[in-house]
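*Asks:* The task is simple: from the sequences and hints, build the whole structure.
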Amino acid sequence: MSRSASGNRIRALVVKETRQLLRDKGNILVGMLLPVLLILIFGYGLSFDVKNMPVAIVMEDVSPTAADVVSGFYLSPYFSPVAVTSMPEAEALMLERKVDGIVRLRSDFSRELAANAASVQLLVNGVDANRARVMQAYAQSAISQWNARRGIGLTNANEVGSVRVEQRAWFNEANTSTWFLVPGLIVVIMTLIGAFLTALVMAREWERGTLEALFVTPVRASEVLISKIVPYFVVGLIGLVLCLLAARFLFAVPIRGSLLLILFGSMLYLLVSLGIGLSISSTVKNQFLASQIAIISSFMPALMLSGFIFDLRSVPWIVQAISSILPATYYVELLQTLFLAGNVWWIVLKDFAVLTLAAFLLLALARSKTRKELA
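Per this note's numbering, the very first residue in the sequence shown carries number 327; after that it's consecutive.
It is worth saying that the hints were derived from the structure and are not from the lab. Careful, some of the hints might be misleading.
Restricting the straight-line Cα-Cα distance to at most 27 Å, the calculated cross-link-like pairs of lysine-lysine (BS3-like) are [as the list claims (entries may be wrong)]: (1) Lys342 <-> Lys695; (2) Lys611 <-> Lys342; (3) Lys695 <-> Lys611; (4) Lys676 <-> Lys424.
*Replies:* Here's what the structure looks like:
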(Lines of atoms letter the chains of each structure in order from A and count residues from 1; the text may use other names and numbers.)
(Lines give C-alpha, C1' and ligand atoms only; values in the text may rest on other atoms or scores of the structure.)
Protein backbone atom coordinates (compact mmCIF):
# COMPACT_ATOMS: atom_id res chain seq x y z
CA MET A 1 0.00 0.00 0.00
CA SER A 2 2.82 2.37 0.92
CA ARG A 3 4.66 1.63 -2.32
CA SER A 4 1.50 2.30 -4.32
CA ALA A 5 0.94 5.58 -2.48
CA SER A 6 4.54 6.60 -3.11
CA GLY A 7 4.12 5.84 -6.80
CA ASN A 8 0.98 7.95 -6.96
CA ARG A 9 2.73 10.85 -5.22
CA ILE A 10 5.71 10.64 -7.58
CA ARG A 11 3.38 10.50 -10.60
CA ALA A 12 1.50 13.57 -9.42
CA LEU A 13 4.71 15.47 -8.73
CA VAL A 14 6.16 14.55 -12.13
CA VAL A 15 3.00 15.78 -13.85
CA LYS A 16 3.23 19.04 -11.88
CA GLU A 17 6.90 19.53 -12.77
CA THR A 18 6.27 18.72 -16.44
CA ARG A 19 3.46 21.26 -16.65
CA GLN A 20 5.64 23.84 -14.94
CA LEU A 21 8.47 23.09 -17.35
CA LEU A 22 6.18 23.44 -20.37
CA ARG A 23 4.87 26.77 -19.07
CA ASP A 24 8.41 28.10 -18.73
CA LYS A 25 9.31 28.86 -22.37
CA GLY A 26 12.85 29.84 -21.39
CA ASN A 27 13.65 26.35 -20.17
CA ILE A 28 12.18 24.83 -23.32
CA LEU A 29 14.39 27.08 -25.45
CA VAL A 30 17.50 26.25 -23.42
CA GLY A 31 16.77 22.53 -23.46
CA MET A 32 15.82 22.09 -27.12
CA LEU A 33 16.78 25.10 -29.24
CA LEU A 34 20.10 25.95 -27.61
CA PRO A 35 21.68 22.53 -28.35
CA VAL A 36 21.00 23.05 -32.05
CA LEU A 37 22.39 26.60 -32.00
CA LEU A 38 25.51 25.59 -30.07
CA ILE A 39 26.34 22.62 -32.24
CA LEU A 40 25.96 24.75 -35.38
CA ILE A 41 28.03 27.65 -34.03
CA PHE A 42 30.82 25.52 -32.57
CA GLY A 43 30.77 22.96 -35.34
CA TYR A 44 31.11 25.50 -38.12
CA GLY A 45 32.95 28.32 -36.41
CA LEU A 46 35.49 27.09 -33.86
CA SER A 47 39.11 26.21 -34.55
CA PHE A 48 42.30 26.47 -32.50
CA ASP A 49 46.05 25.96 -32.46
CA VAL A 50 48.00 23.42 -30.41
CA LYS A 51 51.53 22.79 -29.16
CA ASN A 52 53.50 20.00 -27.38
CA MET A 53 53.13 16.78 -29.39
CA PRO A 54 54.30 13.41 -27.98
CA VAL A 55 55.35 10.96 -30.72
CA ALA A 56 56.50 7.35 -30.64
CA ILE A 57 59.75 6.70 -32.51
CA VAL A 58 60.00 3.21 -34.03
CA MET A 59 63.49 2.52 -35.37
CA GLU A 60 63.49 -0.82 -37.13
CA ASP A 61 66.74 0.28 -38.80
CA VAL A 62 69.37 0.98 -36.13
CA SER A 63 72.02 2.39 -38.48
CA PRO A 64 73.76 5.71 -37.68
CA THR A 65 72.03 7.29 -40.68
CA ALA A 66 68.60 6.31 -39.39
CA ALA A 67 69.46 7.69 -35.94
CA ASP A 68 70.58 10.94 -37.57
CA VAL A 69 67.25 11.22 -39.39
CA VAL A 70 65.16 10.99 -36.21
CA SER A 71 67.50 13.30 -34.27
CA GLY A 72 65.51 16.21 -35.65
CA PHE A 73 62.49 15.03 -33.68
CA TYR A 74 64.53 14.83 -30.46
CA LEU A 75 65.99 18.31 -30.98
CA SER A 76 62.72 19.96 -32.02
CA PRO A 77 60.83 21.91 -29.32
CA TYR A 78 57.56 20.82 -30.95
CA PHE A 79 57.94 17.09 -30.25
CA SER A 80 58.30 14.94 -27.16
CA PRO A 81 59.67 11.67 -28.62
CA VAL A 82 59.10 8.31 -26.92
CA ALA A 83 61.39 5.53 -28.13
CA VAL A 84 59.64 2.18 -28.60
CA THR A 85 60.85 -1.12 -29.99
CA SER A 86 57.98 -2.20 -32.24
CA MET A 87 54.93 -0.97 -34.14
CA PRO A 88 52.45 -2.91 -31.95
CA GLU A 89 53.82 -1.11 -28.90
CA ALA A 90 53.57 2.25 -30.68
CA GLU A 91 50.03 1.52 -31.87
CA ALA A 92 49.02 0.62 -28.31
CA LEU A 93 50.35 3.98 -27.10
CA MET A 94 48.35 5.70 -29.85
CA LEU A 95 45.14 3.92 -28.84
CA GLU A 96 45.75 4.86 -25.21
CA ARG A 97 46.26 8.48 -26.32
CA LYS A 98 49.69 8.59 -24.71
CA VAL A 99 51.20 9.71 -28.02
CA ASP A 100 49.73 11.74 -30.86
CA GLY A 101 51.78 10.19 -33.63
CA ILE A 102 54.19 7.48 -34.73
CA VAL A 103 57.40 8.04 -36.68
CA ARG A 104 58.60 4.77 -38.22
CA LEU A 105 61.84 3.97 -40.02
CA ARG A 106 61.52 0.54 -41.62
CA SER A 107 64.25 -2.05 -41.46
CA ASP A 108 65.24 -1.42 -45.10
CA PHE A 109 65.54 2.36 -44.67
CA SER A 110 69.32 2.50 -45.25
CA ARG A 111 69.08 0.32 -48.35
CA GLU A 112 66.27 2.44 -49.77
CA LEU A 113 68.24 5.59 -49.01
CA ALA A 114 71.19 4.24 -50.95
CA ALA A 115 68.80 3.72 -53.87
CA ASN A 116 67.50 7.29 -53.42
CA ALA A 117 63.98 6.05 -52.56
CA ALA A 118 63.80 6.04 -48.75
CA SER A 119 60.70 7.02 -46.82
CA VAL A 120 59.80 7.83 -43.22
CA GLN A 121 56.32 6.70 -42.21
CA LEU A 122 54.31 9.16 -40.13
CA LEU A 123 51.05 8.09 -38.51
CA VAL A 124 49.13 10.78 -36.65
CA ASN A 125 46.10 10.72 -34.40
CA GLY A 126 43.61 12.60 -36.55
CA VAL A 127 40.91 13.05 -33.90
CA ASP A 128 42.05 16.65 -33.54
CA ALA A 129 42.51 17.52 -37.20
CA ASN A 130 44.25 20.83 -36.52
CA ARG A 131 46.79 19.17 -34.24
CA ALA A 132 47.32 16.47 -36.86
CA ARG A 133 48.04 19.04 -39.58
CA VAL A 134 50.51 20.86 -37.34
CA MET A 135 52.28 17.60 -36.53
CA GLN A 136 52.52 16.69 -40.22
CA ALA A 137 53.99 20.09 -41.04
CA TYR A 138 56.57 19.94 -38.24
CA ALA A 139 57.53 16.37 -39.14
CA GLN A 140 58.04 17.44 -42.74
CA SER A 141 60.19 20.32 -41.46
CA ALA A 142 62.32 17.97 -39.32
CA ILE A 143 63.05 15.78 -42.34
CA SER A 144 63.70 18.86 -44.47
CA GLN A 145 66.33 20.05 -42.00
CA TRP A 146 68.03 16.67 -42.08
CA ASN A 147 68.17 16.75 -45.87
CA ALA A 148 69.45 20.32 -45.76
CA ARG A 149 72.31 19.20 -43.52
CA ARG A 150 73.18 16.60 -46.13
CA GLY A 151 73.11 19.26 -48.82
CA ILE A 152 70.10 17.82 -50.63
CA GLY A 153 67.48 20.26 -51.91
CA LEU A 154 63.72 20.05 -51.75
CA THR A 155 62.33 18.45 -54.94
CA ASN A 156 58.57 18.89 -54.49
CA ALA A 157 55.88 19.46 -51.91
CA ASN A 158 55.60 15.81 -50.89
CA GLU A 159 59.21 14.70 -51.22
CA VAL A 160 62.21 15.94 -49.29
CA GLY A 161 65.39 15.11 -51.15
CA SER A 162 65.71 11.35 -51.27
CA VAL A 163 63.47 10.78 -48.24
CA ARG A 164 59.68 10.91 -48.55
CA VAL A 165 57.33 11.34 -45.61
CA GLU A 166 54.39 8.94 -45.85
CA GLN A 167 51.53 10.54 -43.90
CA ARG A 168 48.37 8.95 -42.62
CA ALA A 169 45.79 10.24 -40.10
CA TRP A 170 44.20 7.78 -37.70
CA PHE A 171 40.58 8.16 -36.54
CA ASN A 172 39.96 11.29 -38.65
CA GLU A 173 40.62 10.58 -42.30
CA ALA A 174 38.54 13.62 -43.27
CA ASN A 175 41.19 15.77 -41.54
CA THR A 176 38.60 18.16 -40.11
CA SER A 177 38.46 19.69 -36.63
CA THR A 178 34.67 19.29 -36.64
CA TRP A 179 35.01 15.56 -35.90
CA PHE A 180 36.98 16.49 -32.79
CA LEU A 181 34.74 19.34 -31.64
CA VAL A 182 31.27 17.84 -31.99
CA PRO A 183 31.64 15.03 -29.39
CA GLY A 184 33.03 17.53 -26.89
CA LEU A 185 30.21 19.94 -27.66
CA ILE A 186 27.68 17.28 -26.66
CA VAL A 187 29.33 17.26 -23.23
CA VAL A 188 28.90 21.03 -22.88
CA ILE A 189 25.25 20.82 -23.92
CA MET A 190 24.47 17.97 -21.51
CA THR A 191 26.12 19.97 -18.72
CA LEU A 192 24.11 23.05 -19.61
CA ILE A 193 20.79 21.21 -19.69
CA GLY A 194 21.44 19.11 -16.61
CA ALA A 195 23.24 21.39 -14.18
CA PHE A 196 22.17 24.88 -15.21
CA LEU A 197 18.45 24.24 -15.62
CA THR A 198 18.02 22.09 -12.53
CA ALA A 199 20.07 24.53 -10.44
CA LEU A 200 17.13 26.91 -10.84
CA VAL A 201 14.39 24.39 -10.03
CA MET A 202 14.56 24.07 -6.24
CA ALA A 203 15.75 27.67 -5.82
CA ARG A 204 12.74 28.90 -7.75
CA GLU A 205 10.43 26.81 -5.56
CA TRP A 206 11.98 28.34 -2.43
CA GLU A 207 11.68 31.87 -3.81
CA ARG A 208 8.03 31.38 -4.75
CA GLY A 209 7.18 29.67 -1.46
CA THR A 210 5.67 26.61 -3.14
CA LEU A 211 7.85 24.17 -1.23
CA GLU A 212 6.24 25.17 2.04
CA ALA A 213 3.01 23.58 0.80
CA LEU A 214 4.84 20.25 0.59
CA PHE A 215 5.86 20.34 4.24
CA VAL A 216 2.36 19.40 5.39
CA THR A 217 2.03 16.49 2.92
CA PRO A 218 3.42 12.94 3.18
CA VAL A 219 5.77 13.60 0.23
CA ARG A 220 9.29 12.32 0.87
CA ALA A 221 12.56 13.95 -0.09
CA SER A 222 13.41 11.21 -2.59
CA GLU A 223 10.02 11.64 -4.25
CA VAL A 224 10.59 15.38 -4.63
CA LEU A 225 13.99 14.75 -6.23
CA ILE A 226 12.62 12.14 -8.63
CA SER A 227 9.87 14.53 -9.70
CA LYS A 228 12.50 17.20 -10.40
CA ILE A 229 14.82 14.82 -12.25
CA VAL A 230 12.39 13.08 -14.63
CA PRO A 231 11.24 16.08 -16.78
CA TYR A 232 14.75 17.49 -17.18
CA PHE A 233 16.19 14.04 -17.84
CA VAL A 234 13.72 13.72 -20.73
CA VAL A 235 14.65 17.21 -22.00
CA GLY A 236 18.31 16.22 -21.81
CA LEU A 237 17.69 13.07 -23.84
CA ILE A 238 15.86 15.12 -26.48
CA GLY A 239 18.85 17.48 -26.63
CA LEU A 240 21.17 14.46 -26.94
CA VAL A 241 19.17 13.03 -29.83
CA LEU A 242 19.26 16.39 -31.62
CA CYS A 243 23.04 16.55 -31.14
CA LEU A 244 23.54 12.99 -32.43
CA LEU A 245 21.40 13.68 -35.50
CA ALA A 246 23.32 16.89 -36.21
CA ALA A 247 26.66 15.14 -35.68
CA ARG A 248 25.77 12.33 -38.06
CA PHE A 249 23.84 14.09 -40.80
CA LEU A 250 25.06 17.70 -40.72
CA PHE A 251 28.75 17.14 -39.98
CA ALA A 252 29.11 13.49 -41.08
CA VAL A 253 30.94 12.57 -37.87
CA PRO A 254 31.35 8.77 -37.83
CA ILE A 255 30.09 6.66 -34.94
CA ARG A 256 32.60 3.81 -34.87
CA GLY A 257 31.68 2.55 -31.42
CA SER A 258 28.42 1.29 -30.02
CA LEU A 259 25.51 3.73 -30.18
CA LEU A 260 24.04 2.02 -27.11
CA LEU A 261 27.23 2.76 -25.16
CA ILE A 262 27.02 6.41 -26.24
CA LEU A 263 23.40 6.60 -25.07
CA PHE A 264 24.08 4.82 -21.78
CA GLY A 265 27.17 6.91 -21.05
CA SER A 266 25.22 10.07 -21.85
CA MET A 267 22.45 9.03 -19.47
CA LEU A 268 25.02 8.53 -16.71
CA TYR A 269 26.54 11.95 -17.32
CA LEU A 270 23.10 13.53 -17.47
CA LEU A 271 22.42 12.12 -14.00
CA VAL A 272 25.76 13.60 -12.89
CA SER A 273 24.74 17.03 -14.20
CA LEU A 274 21.29 16.77 -12.63
CA GLY A 275 22.90 15.85 -9.31
CA ILE A 276 25.14 18.92 -9.49
CA GLY A 277 22.23 21.22 -10.29
CA LEU A 278 19.94 19.86 -7.60
CA SER A 279 22.69 19.96 -4.97
CA ILE A 280 23.33 23.62 -5.76
CA SER A 281 19.69 24.69 -5.82
CA SER A 282 18.87 22.77 -2.64
CA THR A 283 21.64 24.62 -0.85
CA VAL A 284 21.51 28.26 -1.92
CA LYS A 285 17.71 28.78 -2.38
CA ASN A 286 18.26 31.77 -4.68
CA GLN A 287 17.89 31.56 -8.46
CA PHE A 288 20.50 34.15 -9.37
CA LEU A 289 23.11 32.76 -7.01
CA ALA A 290 22.29 29.18 -8.04
CA SER A 291 22.75 30.04 -11.72
CA GLN A 292 26.12 31.70 -11.08
CA ILE A 293 27.39 28.79 -9.01
CA ALA A 294 26.19 26.34 -11.68
CA ILE A 295 28.08 28.23 -14.39
CA ILE A 296 31.28 28.42 -12.34
CA SER A 297 31.21 24.86 -10.97
CA SER A 298 29.89 22.91 -13.96
CA PHE A 299 29.52 24.74 -17.26
CA MET A 300 32.87 26.57 -17.32
CA PRO A 301 34.93 23.55 -16.15
CA ALA A 302 33.18 21.38 -18.77
CA LEU A 303 34.03 23.97 -21.42
CA MET A 304 37.58 24.86 -20.40
CA LEU A 305 39.06 22.01 -18.35
CA SER A 306 37.60 18.81 -19.78
CA GLY A 307 39.79 18.47 -22.87
CA PHE A 308 37.04 19.81 -25.13
CA ILE A 309 39.08 22.83 -26.24
CA PHE A 310 42.58 22.43 -24.77
CA ASP A 311 44.77 19.35 -24.81
CA LEU A 312 45.18 18.63 -21.09
CA ARG A 313 48.72 17.33 -21.57
CA SER A 314 49.91 20.83 -22.49
CA VAL A 315 48.55 22.59 -19.39
CA PRO A 316 50.23 22.97 -15.95
CA TRP A 317 50.06 19.98 -13.63
CA ILE A 318 47.71 21.72 -11.21
CA VAL A 319 45.17 22.20 -14.01
CA GLN A 320 45.61 18.55 -14.99
CA ALA A 321 44.93 17.55 -11.37
CA ILE A 322 41.72 19.61 -11.31
CA SER A 323 40.55 18.21 -14.63
CA SER A 324 41.16 14.65 -13.43
CA ILE A 325 38.40 14.99 -10.82
CA LEU A 326 35.83 16.49 -13.22
CA PRO A 327 33.23 14.02 -14.55
CA ALA A 328 33.11 16.05 -17.78
CA THR A 329 36.72 15.05 -18.53
CA TYR A 330 35.79 11.37 -18.59
CA TYR A 331 32.63 11.99 -20.61
CA VAL A 332 34.64 13.90 -23.25
CA GLU A 333 37.14 11.04 -23.43
CA LEU A 334 34.31 8.49 -23.64
CA LEU A 335 32.48 10.25 -26.48
CA GLN A 336 35.60 10.98 -28.52
CA THR A 337 36.66 7.35 -28.18
CA LEU A 338 33.26 5.89 -29.10
CA PHE A 339 32.70 8.31 -31.98
CA LEU A 340 36.12 8.17 -33.61
CA ALA A 341 38.11 5.17 -32.36
CA GLY A 342 35.47 2.56 -31.57
CA ASN A 343 34.90 0.36 -28.52
CA VAL A 344 38.28 0.69 -26.80
CA TRP A 345 37.07 -1.25 -23.79
CA TRP A 346 39.61 -0.28 -21.15
CA ILE A 347 38.81 3.40 -21.78
CA VAL A 348 35.05 2.77 -21.95
CA LEU A 349 34.97 0.74 -18.72
CA LYS A 350 37.14 3.23 -16.84
CA ASP A 351 34.99 6.19 -17.89
CA PHE A 352 31.75 4.33 -17.14
CA ALA A 353 33.03 3.48 -13.66
CA VAL A 354 33.96 7.11 -12.92
CA LEU A 355 30.64 8.46 -14.23
CA THR A 356 28.64 5.86 -12.28
CA LEU A 357 30.45 6.73 -9.05
CA ALA A 358 30.04 10.47 -9.68
CA ALA A 359 26.31 10.09 -10.41
CA PHE A 360 25.78 8.07 -7.22
CA LEU A 361 27.69 10.52 -5.01
CA LEU A 362 26.10 13.67 -6.45
CA LEU A 363 22.54 12.33 -6.33
CA ALA A 364 23.15 11.15 -2.77
CA LEU A 365 24.41 14.64 -1.91
CA ALA A 366 21.34 16.19 -3.51
CA ARG A 367 19.07 13.93 -1.48
CA SER A 368 20.97 14.70 1.70
CA LYS A 369 20.58 18.43 1.15
CA THR A 370 16.89 18.06 0.37
CA ARG A 371 16.25 15.74 3.34
CA LYS A 372 17.63 18.32 5.73
CA GLU A 373 15.16 20.89 4.49
CA LEU A 374 12.11 18.61 4.34
CA ALA A 375 12.70 16.73 7.59
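*Asks:* Taking the hints in turn, state whether each one holds.
*Replies:* The hints, checked one at a time:
{"no.": "1", "hint": "Lys342 <-> Lys695", "verdict": "holds, 22 Å"}
{"no.": "2", "hint": "Lys611 <-> Lys342", "verdict": "holds, 20 Å"}
{"no.": "3", "hint": "Lys695 <-> Lys611", "verdict": "holds, 11 Å"}
{"no.": "4", "hint": "Lys676 <-> Lys424", "verdict": "holds, 16 Å"}
Every hint from the earlier list agrees with this structure, and none is contradicted.
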